[in-house]
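Peer 1: What follows is each chain in one-letter form.
There are 2 protein chains.
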Amino acid sequence: MNHIGDAQHLRKPLPEALLNALRALFGERFSTSQAMRAHHGRDESSYEPMLPDAVVFAHSTEEVAAFIKLCSQYVVPVIPYGCGTSLEGHVLALHGGITIDLSQMNRMLAVNPEDLTATVQAGVTRKQLNQEIKDSGLFFPIDPGADASIGGMASTRASGTNAVRYGTMRDNTLALTVVTADGNIIKTGTRAKKSSAGYDLTRVYVGSEGTLGVITEITVRLYPQPEAVSAAICSFPTVADAVNTVIQAIQVGVPLARVELLDENGVKAINAHDKMTLPVNPLLLFEFHGSENGVKEQAEVVQEIANDNHARGFEWATRPEERSRLWAARHNAYFAILQLRPGCRAISTDCCVPISRLAECVLETKADCEANGLIHAIIGHVGDGNFHVQMMVDPNDAADVARAEGVNARMVARAIAMDGTCTGEHGIGLHKMDFLVQEHGDGAIAVMRAIKHALDPHNIMNPGKIIRWQ
Amino acid sequence: MNHIGDAQHLRKPLPEALLNALRALFGERFSTSQAMRAHHGRDESSYEPMLPDAVVFAHSTEEVAAFIKLCSQYVVPVIPYGCGTSLEGHVLALHGGITIDLSQMNRMLAVNPEDLTATVQAGVTRKQLNQEIKDSGLFFPIDPGADASIGGMASTRASGTNAVRYGTMRDNTLALTVVTADGNIIKTGTRAKKSSAGYDLTRVYVGSEGTLGVITEITVRLYPQPEAVSAAICSFPTVADAVNTVIQAIQVGVPLARVELLDENGVKAINAHDKMTLPVNPLLLFEFHGSENGVKEQAEVVQEIANDNHARGFEWATRPEERSRLWAARHNAYFAILQLRPGCRAISTDCCVPISRLAECVLETKADCEANGLIHAIIGHVGDGNFHVQMMVDPNDAADVARAEGVNARMVARAIAMDGTCTGEHGIGLHKMDFLVQEHGDGAIAVMRAIKHALDPHNIMNPGKIIRWQ
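So the protein lines, in turn, are chains A and B. So for the first sequence, this note's numbering puts the first residue at 320; every next one is plus one. So for the second sequence, this note's numbering puts the first residue at 320; every next one is plus one.
Isolated chain A (complex conformation) (with noise of 0.2 Å):
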C-alpha cells in the first residue's frame, strides 16, 4: 500500500505567514510544541503515530470556516479531530499539516424535546449528550463504546450496540454545520423528520471522515427512555444456534434493542478477568425496551426460541442491578480479552454480513485465527450481521502482525464474497482502502473520487484517507 505517493506537494514547511496568520487567530490555542502534536497523530489503532505540524483549538464555526481558508489559501492539509478515539488511522497526519480539535466545541445549541431533536456542536461527547438531556424523558441511544464526540460519530458512520433497534450515525442525523474545503459554512438539512429536498447532504458528509469538510455542529434524534427494561443472558453449543436464536425473534417481529454474542473465548476471558463461572459457549446478551408488560412479553418469546435453539440457562432481569449484573461480561470484555495476552495490543477487525451468512463468517474467521495459533475472542452486534475480531499480537513482532493482518484481509475478503462490507462501523481510515476497493469496484471508486474532486478540488481536507488521490 502506497499512501503518500500521491500527494507529495502537501508536504512541505508551513509557510510563516500562515503560522503568524493562525497565532493572531487563535492566540494560545495554536501550538506546534511536540507534545500537542504528539498527542493529536494518533488514534486507538494499532498503527504507529504520524504527527501533523500543528494543532488548534477551535471554538466556534466561524474559527473553524477562518482556519480552512487561510489553509485553502495556502494548500496544507486539515485533519479534524474529535477525541481520538478511532480505529483506523483516521486522525494521522499522513502528509503533515494541521489538526483541528474540536473537543472545546462543547456546547449543547438547542433540546427540542416535543420533536425529540437536540443540536450540538462537535466536541459534545456521546455520554455528555446523554447528560445534559437526562431530565427531558429523552436518550440518544448511539453507543459505541468509547465516549466518542458526536461530531467524530457522524464522520465515521457510528454505531454499536443500540443499532439493531435504534439505527446507526446515518439515521440519526437529521442536519449538519459543515466547513466546506473552501471554508464556506453550509447547513445540509432541517429538523424536520424527512425531506425530499434535493441531493442528501447530510448522509454525503456522515461517514466522510474529514475528507470533504469539517462537521461542527450536528442535529440528532433523541427517543423516549424506555418505561421498562429488561435483559437476558443465555448460552449456546454452537455460533449457529445463537444467530439463529436471533434470526428468529427478528422475524418473529420482537424489537431487541440490544443483542450482543460473546464467543467462548470471549467468555473465557470474562470467567478469568471477573472470577465468574459462565459456560465456556457462545454467549448471548439482550436488552429489550418497552413497556412494563411488552419487555415481559418480548422476554418470553425469545426464551421460548432460544429453547428450540438449545439455549442453556436463559436468565432475564428487570431490575437495573441484576440487570448490571447479566450485562457485565459485555461490559468488561474488551478489558477481560485485553488480559488473554498480557503486554500485547488488541487488533480490532469490523466486518458486517447479512445475518444469513453470519454464523458462517464467523466460523470461518475463528478457524482461520486458530490456524495461525492468534490468541483472539469475537465481539459480535449480531442483530445486525456485525462483528469485530479482537486478535491480541506482540507489536514488535513483525510475523504476529502480519499473521493478524492476514487473517483480517480473508475476513475481509469472506465478508465481501458474502455480499457484505469491510466495515460495519468502524470506517476506512488509512488502513481500509484497498478494501474499500475491493467491496466497491472500480466503477464506484471512481464515483467516489469525483465527489472528492469535486468538494475538495485541492486535497487539503484529510488527505490520504478513505480513498486515493488518482
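Treat the hints with caution; some may be incorrect.
A pair counts as met if it fits within one copy or between any two copies, since identical chains are not told apart.
Here are the simulated lysine to any residue pairs, SDA-like style, with alpha carbons at most 20 Å apart [claimed, not checked]:
#1 Lys587 to Glu689
#2 Lys615 to Glu546
#3 Lys388 to Gln353
#4 Lys446 to Tyr542
#5 Lys615 to Ala547
#6 Lys506 to Asp761
#7 Lys594 to Glu367
#8 Lys388 to Ser667
I should point out that these hints are in silico values taken from the structure, not numbers from a laboratory.
Given the coordinates of chain A, work out where chain B should sit on it, guided by the hints.
Peer 2: Then chain B, alone, in the frame of chain A:
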C-alpha cells in the same frame, strides 16, 4: 422561473445515427410515436405536458447502460420513467431527449427472508413486491399512496403513511445498481444492514430524481408482518389538540405505525362522498402494529392521551373489516376531496416541519387558503410533521392557479422559517427548484451543483430538475 435558459445546447433534433443505433438495440421497444411520447410527457402534477423526442423500454441494466452510453456520446437528455406518478414534474422532457421507461424491468431478483431483504428491478411496483413476498411473512412498508415503482420511489426519496414507524426510502434502501451518466454500471452498497465503507453512494442516488444516473436495481429492507394490527379513530375540537395527542404519544414511546390527520374540510368531503356522519372536526386515524397485547396496550395509552386532549368518540378495532371501516375515511380522502369542486384539478402541496410547529403551520396555511377563497382540505402524516394541502383549482383560470401557487409559496416559506423543509416526500422536480434554494441557501446549493457537475458533466441526466446547471 427560467427553466430552459441554461441548457439550450441540449435542445436539438435527435441525430439520425443515434436513432438507428437505438432501433437496432431496442427494435419495437424504441418509439417516436406521438402517442407514446405524449404518454411519457406528463406526470400527475398539474403541469402542462412536455414531450420527449422518443421513448425506449429497457429490460435490463445492461440495456440501460448501452442506451446511456449512446446518449452520452450524442449529448442527448435521458429521462428515467417508472409509473409516471410523480407530482412535481419530474418526468417532463423540459429539454426534449429520450425517456427511458423502466416499467418492464419488473422482475424480482432475490428475496432473502432470513435477512429481511429483497432485491428488485426498478420497475417492480410496491404492490407487486408485497404480493410476491406475502407468503414469506414479511412486508415492504413504504406506501406513498400511488402504486409507484420502487425505482421511482427511491428516486424521489418517497415515504407515506407508514414512515412514522418504518422510515422512508432513505432508510429502507440498502443498495442500488445505478447506471452512471457515462454508462458505467455501479453497485452502491451490499446487503449488510449497516456499513461505514466510504461515501454513502446509496444516499447520494436516493432522492436524486434521475439527475445523477439511472437506478436500475434496488435492495430494500423488509419487515415481519405484525402479529396483530389495530386501528383507532377520533375527533378533536382543534388541530392543536390532535397534534398534541400525537406528540405526547410519541414522547411516551408508543410505536405508532401510522397516524394521519384530516382537517374538517377533509371530513366534510368524506361525509358527503361516503355518506358518513363523522363529526366535522379535525380527525386522527391511527394504526398500531405489534403483539396482540401490544396493540391493545398502545391503543389504551393513546386513548388516555387523546382524552386528555379533548378527543371525542375514540373508537378502536382489531378485526380487519372493522379496521377497514375506520380507515375508509382516509383511503377515500383524495377522491372525496376532488368532489369538493367537480371538474377542477387538485394542486397538492407538501411541507414537513418539526412536529412542535405543525399545528401552527397547518392553521396559518388554512387561514391563507380561506383568505384566498380556495376550496381545500388538509391531509397530514402528522407523526412526521408532514402535511399536504389539496387545493381545488380551475386549471383554465389563471388567477385561480396563481392564488393556489401563492398559498403554496407562503406555506413553503413558513415551513422553512420553522426549520422545516419545502418537501417531505414529493421531491423537487421542476416545481420546487426555487424553494430548494430558499431552503438550503447558496452555499449548500453550490455543493449540490458541484456533485451534479462531477457526476453528470454534460448535463444529460434529467436536465433542468432539482438544481439549475449554473
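Peer 1: Compare the structure with each hint and give your call.
Peer 2: Evaluated hints:
For the identical chains of this complex, Lys587 and Glu689 are intra-copy neighbours only, at 16 Å inside a copy versus 72 Å across copies, given an alpha-carbon limit of 20 Å. Both within a single protomer and between protomers do Lys615 and Glu546 lie at most 20 Å apart by alpha-carbon distance, with minima of 12 Å and 17 Å respectively. Taking the shortest alpha-carbon separations for Lys388 and Gln353, neither the intra-copy value of 25 Å nor the inter-copy value of 54 Å comes in at or below 20 Å. Proximity of Lys446 to Tyr542 under the C-alpha cut-off of 20 Å is restricted to the intra-copy arrangement: shortest distance 15 Å within a copy versus 32 Å between copies.
When the C-alpha separation of Lys615 and Ala547 is checked against a cutoff of 20 Å, the pair qualifies both within a copy, at 9 Å, and between copies, at 17 Å. In this assembly of identical chains, the alpha carbons of Lys506 and Asp761 lie at most 20 Å apart only when taken from different copies (10 Å versus 31 Å within one copy). Proximity of Lys594 to Glu367 under the C-alpha cut-off of 20 Å is found in neither arrangement, the shortest distances being 35 Å within a copy and 76 Å between copies. Proximity of Lys388 and Ser667 under a CA criterion of 20 Å is satisfied in neither setting, with 37 Å inside one chain copy and 43 Å between copies.
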